[in-house]
Amino acid sequence: MEVWVQILYVLSWLILLKFLQISVYPALRSPLGKLAYPISFSGGVLAFSALSWYLGLLRLPVSLAALPFLGLLGWALVKDRYSWEDLKPHLTWDLVFLVAFAAMLVVRLANPTIISAEKFMDHAFIASIMRSPMVPPPDPWYAGGTMNIYYYGGYWLMGILGTLTGVPSSVVFNLALPTVLALAAVNLYAIGDLLLPRFKWFPLLTLVLVNPAFLRFLILGGDTAGILWDTTRVITNTINEYTLFSFLWGDVHPHVLAIFNQVFILLLLLIALKCWYKIGRSGRIALTALVALSLGSMPVMNTWDVLVYAPVTVLFGVLLLWDGLHREERDLSALGFLLVVPPVSILLYLPYYLQMAATGYLGIFPVTTPSDPWEFLLVHGFFLAIFLAYGAKSLVRRPYLLLPAVLVALAGYGSAAIAIAAGTALLARWERRPEILMALAGLSIITFTEVFYLKDYLGGIYYRMNSVFKFYNIAWILMGAAALIIVAGVLARVRIPSIPEGQGKVAMVISLVILIIAAPAVLAIASGSGVLTLDGLQYLESSHPGDAAALPFVRGLPPGTVIAEGAKGDYSYPSRISSFTGVQTIIGWPGHEFMWRGAGGRTSARIDEVRAVYEDPAIATGILRRYNATYIYVGDTERELYSRLNLPAGDLVPVYDAQGVTIYRFTG
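Under the working numbering, the first residue of the sequence shown carries the number 92, and numbering increases by one thereafter.
Some hints here could point you the wrong way.
Here are the in silico distance ranges between beta carbons for each label pair [said to hold, decoys possible]: (1) Ser154 <-> Lys484: 56 to 66 angstroms; (2) Ser154 <-> Met92: 17 to 27 angstroms; (3) Leu518 <-> Glu419: 22 to 32 angstroms; (4) Tyr664 <-> Ser695: 15 to 25 angstroms; (5) Ser695 <-> Leu582: 56 to 66 angstroms.
BS3-like mimics (lysine-lysine), calculated; alpha carbons at most 27 angstroms apart, straight line [stated by the list, open to error]: (6) Lys170 <-> Lys109; (7) Lys170 <-> Lys125; (8) Lys365 <-> Lys125.
Just so you know, the hints here were simulated from the structure itself, not pulled from any lab data. Note that CB positions come from ideal geometry on N, CA and C, so glycine has one too.
All chains, please: the whole structure from these sequences, using the hints.
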C-alpha cells in the first residue's frame, strides 16, 4: 500500500472525528461552558455510534448517521456559533488529541501486523461489520450465527468510522487504538483541568505508567519485549494487564476500545460533583443525557465496565442529592439525575439486550486461592504506597482503624487486607474530594477480586483469570488517575517558581511528546516488525503470498456468502480467510465460539464437519448445503491440515486459481 494512500486514510479518519466533535460542540457550549469542547470529542463519537447502530438495526445505510451532525454543523454556521476568538483558547484540546493520536500511530506503524494474540478475532469482527453493517452483525467464524454472543460495540464504532471514510479494515485496525488513546487523553486532561490548579496534565500519566513489576524486571535484566509480557503475568494463573501494556500489545479488544468511555464517564461524573449546582437547568439536562449515553454504551462496548460504573454513577447521584438536601435552599434536582440516568441508559440499547444470547457467565463464587501479597504489591504497589502515605499521619494517630484490615489478613486474604488498609488511610483523612472517591472505587474493585470471581468456562487453575484481567483494567484507571491527582495536588502546594503562561504551554507540549510518544515508541519499535505501514495484512505478501493475492477476490464476494476454509484451533493461522475478510466460514476459533455459545453451539462437531468437506466427498455436499456454503477455499493451509484432500469434484467449479490457491464455487 502506497505511503500517500495511507496518509490520505489517516487524514480522512481525522477529518471525520473532527467533524463529529466540532458539530456537537456549539450545542454543548452554552449549558456546559469551557469543558464543552473536550466533552464533545467522546460525546460526538458515542452519539454517532448509537445512531449508526440503530440504522443498522433498521437495515438502513449507516452513512445516514452523519446527517444529524451535518444538521448541527449547518445550524451552528447559520447562527455564527464558530469564531476564532471562541475556538482559539480550545486549541490545546486539539493538540492533546493529535499528540496522543500521533504517539499511538507511531507504535502501530512499527507493529502493524494482524497476527498473534486476539488480533485475528479483532480484525475479523471489524471486517465483518464493515462488510455487512447490520445489527446484530454476522459472526465471521460461525456460519448462520451473529455477534449477539459478544459485546461488539467497540468493533461497531471503528467499523462504521471505516465505512464512512473508505478506510480498509486492515488499516482501520491500526487507527482504532490511536483513536482510543487520543480520546482518553483528552478526557484525562479535562479531569486535570477540572480538579487541579497546577500540573493539570498529571492525570495523562495514567496512560503511560508501568507497574512495580516492570521496574523489578528491568533491574534484574532481560529482553525488553519479554519484560512487558512478564509484567502482566505477575499474579499466579491470572492476567494483570495495565493501560500502557494494552496499547503496546496492540489487541483491538473490547477492554481496550472502551478505555476512552471509562475516562469519559469519570469526567462527566466529576463535573457533576463539582458543578451540578452551578451550571443551571440546561447544563444539568445536558450532563444527565451525556452520562446516560456513556453508561448506556458500556454494556455494548465492554460489559465488565458497567458492572463497576453503574453503581459508581448511582453513588455520585446520591452524593449530589445529599448535597442538595443540605443546601440553604433545598435543591432536589439531583433526584432527576438518579431517576433518569439508569432507565435511559438501559433503554438506549434495549434491542441489544433483547438480542443477546451469550452463555459465558455462570455466576459469582468465592475465591479459593487469593493473590500472593508480594505479587499483589508488584501490580498495585505504586498506587497503594501513595494512598497509604496520604493518610499515614491519621493512621498513626488512630491505629485502631486498621483492625478490619488485620482481621481480613488473619482470615487468609493478605492482599485484600493491604487494599483495605490503603482505603482506611484515605478514609482516616476523610475529605470528600473527587480523587479520594475514585481511589476508593478502585480499591473496592481489587478487594472484591480477592474475595469473589465471576465464573466462566475457563475453570481449573485459571478460574479467576478473567475477573482479575477485566476488573484490574478498570481499577488501574481509577487508582492511577486518583493517585496522580493526589501527587499533583501535593506538588501544587510546594513553592516552585511559576512559569510564564506561554512557556508553560510549550513545556506541557514537550512533556506530552516525551512521555506519551517517546517511551512507548522506543519500546514498540524495539520489538516491531521492521516494516513501517498501517496495513496490518501487508506481511502476508511475503509470508503467505497465495493468500494475500486471493483476498481481493474473497472480499468481492456478495454479502451473505459463506466460504469453507481450513479450521484447527484458537490462536493459529487456519480460519485466516474469514479473519482477514469478514466473510463467514463454517467455524473459526472453536474455543472462543464454545466460550460464547456453550455446548449447544456444536463447535467441535463443526470442526469435524469441515474436515469431512475436504476429505469425504460422500457427505461433503450435505454439509455445505447445511451451512449455505457456496465456496471452498484450498490453499497451502488446507493441504497441510487435510492430507487426504478429496473434494466433491462434480459439484465444484473453479473460479479462482493463482499462486497455489484455488477457490471453488459449490453448485450442488
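Supplied distance hint 56 to 66 angstroms, evaluated on CB atoms of Ser695 and Leu582:
58 angstroms, holds
Status of the given 22 to 32 angstroms range, CB of Glu419 versus CB of Leu518
This hint holds: roughly 28 angstroms between Cβ atoms.
Next pair to validate is Lys170 with Lys125; report whether the Cα-Cα distance is within 27 angstroms.
OK: Lys170 and Lys125 at ~19 angstroms, within 27 angstroms.
Does the beta carbon distance between Tyr664 and Ser695 stay inside 15 to 25 angstroms, or does it fall outside?
20 angstroms, holds
Assessment of proposed distance window 56 to 66 angstroms (beta carbons of Ser154, Lys484):
60 angstroms, holds
A range of 17 to 27 angstroms was offered for this pair. Does it hold for the Cβ distance of Ser154 and Met92?
24 angstroms, holds
So if I understand the rule, the pair passes when the alpha-carbon distance is 27 angstroms or less; does Lys170 with Lys109 pass?
Since the Cα atoms of Lys170 and Lys109 sit roughly 20 angstroms apart, the hinted pair holds (cutoff 27 angstroms).
For the pair supplied as a hint, Lys365 and Lys125, is the alpha-carbon distance within the 27 angstroms limit?
Cα-Cα ~14 angstroms, so holds.
Consistency with the previously given hints is maintained throughout, with no hint failing.
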